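Just so you know, the sequences run in chain order E and U. Going by our numbering, the residue at position 32 of the first sequence is 32; the numbering climbs one at a time, nothing skipped. In our numbering, each residue carries its 1-based index in the second sequence increased by 1000.
I should point out that these hints are in silico values taken from the structure, not numbers from a laboratory. This one's a predicted model, so the numbers in the text were calculated from it and none came from an experiment. The beta carbon of each residue, even a glycine, is placed where N, CA and C say it ideally should be.
Lysine-lysine pairs mimicking DSBU-like chemistry, simulated, CA-CA at most 30 Å apart:
id, chain 1, residue 1, chain 2, residue 2
1, U, 1170, U, 1116
2, U, 1040, E, 166
3, U, 1116, E, 63
4, U, 1081, E, 63
5, U, 1170, U, 1134
6, U, 1136, E, 92
7, U, 1040, E, 63
8, E, 135, U, 1040
Label pairs and their computed distance ranges (CB to CB):
id, chain 1, residue 1, chain 2, residue 2, range
9, U, 1114, E, 160, 36 to 42 Å
10, U, 1057, E, 163, 29 to 35 Å
11, U, 1004, E, 62, 38 to 44 Å
12, E, 101, U, 1075, 31 to 37 Å
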Amino acid sequence: MKSKTEDMSCFLAAVARERDVEAFETLFRHYGPRVKAYMARQTRDQQAAEELMQETMMVVWNKAALFDPSRGNVSAWIFTIARNLRVSAYRKQNRPEFDPNDPAFVPEDVMPADQELESRQEADRLHKAMRQLPKEQLDLLQRSFFHEIPHSALAKEFDLPLGTVKSRIRMAFAKLRAALDDSQGGDR
Amino acid sequence: MSVHHHVSDELLLDYANGSLSEGWSIAVATHLALCPHCRKRLSAMEATAGAMIESLEPEPPQASDADTSWQAMRARLEADKVGNRGQSIADKPASAAPKFAEVPVLPEPLRSYLGKDIDGLKWKPLGRGAYHIKIKTGDVDTSVRLLRIPAGKPVPEHSHGGRELTLVLKGSFYDGQGRFARGDLEEADQDVEHQPIADEGEDCICLAVTDAPLRFKSRLVRLVQPILGI
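One chain only, chain E, in its complex shape (with noise of 0.2 Å):
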């Protein structure tokens, strides 16, 4: 049986390949409920978080051939584009990025054999190892990603010394990029 995040990027792609709208309507079903989640975590307008979805899905349908799965997987493609309408529509400041066609950009060394594989794989190890982490972490991160909260505010929500916060998210990380980085330790 395929995982969830497989059949995902499956329908992503059709949706890139072929402009599929069923495959779309998938995609729309199981995403659009919780980026309308995330998105009523920063506002209790109903309508407002609807909207900022469906604006979010619409650069989902229109993007969809831009997803690159070497640089992660749907999920986390997506949470990027919510993310960026989010913060334009509550801070008019912009969110300055880095631009891999820029000539100055450093491209990475060495790419994955199999890119695709490997990004699936990924994700399922990453799942389990969050499943793993302590409360105290993960309650944290959550905080962080769906309130959009600086780490030295949380500090001052969980009343917390400013160092174990960050020591907290330092060993949260550790531990998820060590669960990221598995396969390549056991396979070479």
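Starting from the known structure of chain E, fit chain U onto it as the hints suggest.
Leaving out everything else, chain U in the frame of chain E:
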């Protein structure tokens, strides 16, 4: 060439979750352009956020709501099709990026803020042979500047009122603890007092982002600080 001083997890997380304001983000994003290692770390964070979205419990699912929502989306797709008949992303002409004979010193997104690469920039004197250029952003809480420190010369000694990010773009400096060269990012806060000295050989150009005017140790420098606008 590889980068040795990387962005911290907590700062990268602020960038990944969208909460980092524009001024700081210019330094982080430009560091990312030069550092594949940190782009991988960013991807890991975005994958984590994606997995969290995946496991979000949507609002109590009501079939009729989901259908209404899909119908609205469907209508937009139709309207979009009529509007851009036959046009897709792939058809867009490649943007006419200016050609560079050499690798630009200023990577994106920084270069766009200055409008050009380092040749022909209007440097303002800062004293003791150093120069700077203020960079305008939409972020009033930070000060973003390009600094040029002459080879072998120190940056005036200072402690910080807050956070300071320094990204080296050309040349290198030594801050008493480590050497910083192209792509290296130094993160300092109010607890750090350091005296970076540009290495011999060539001028050091770096991007400096601060959230408060720097407090210089020397009374003389403090006196002229408002005049120099640093």
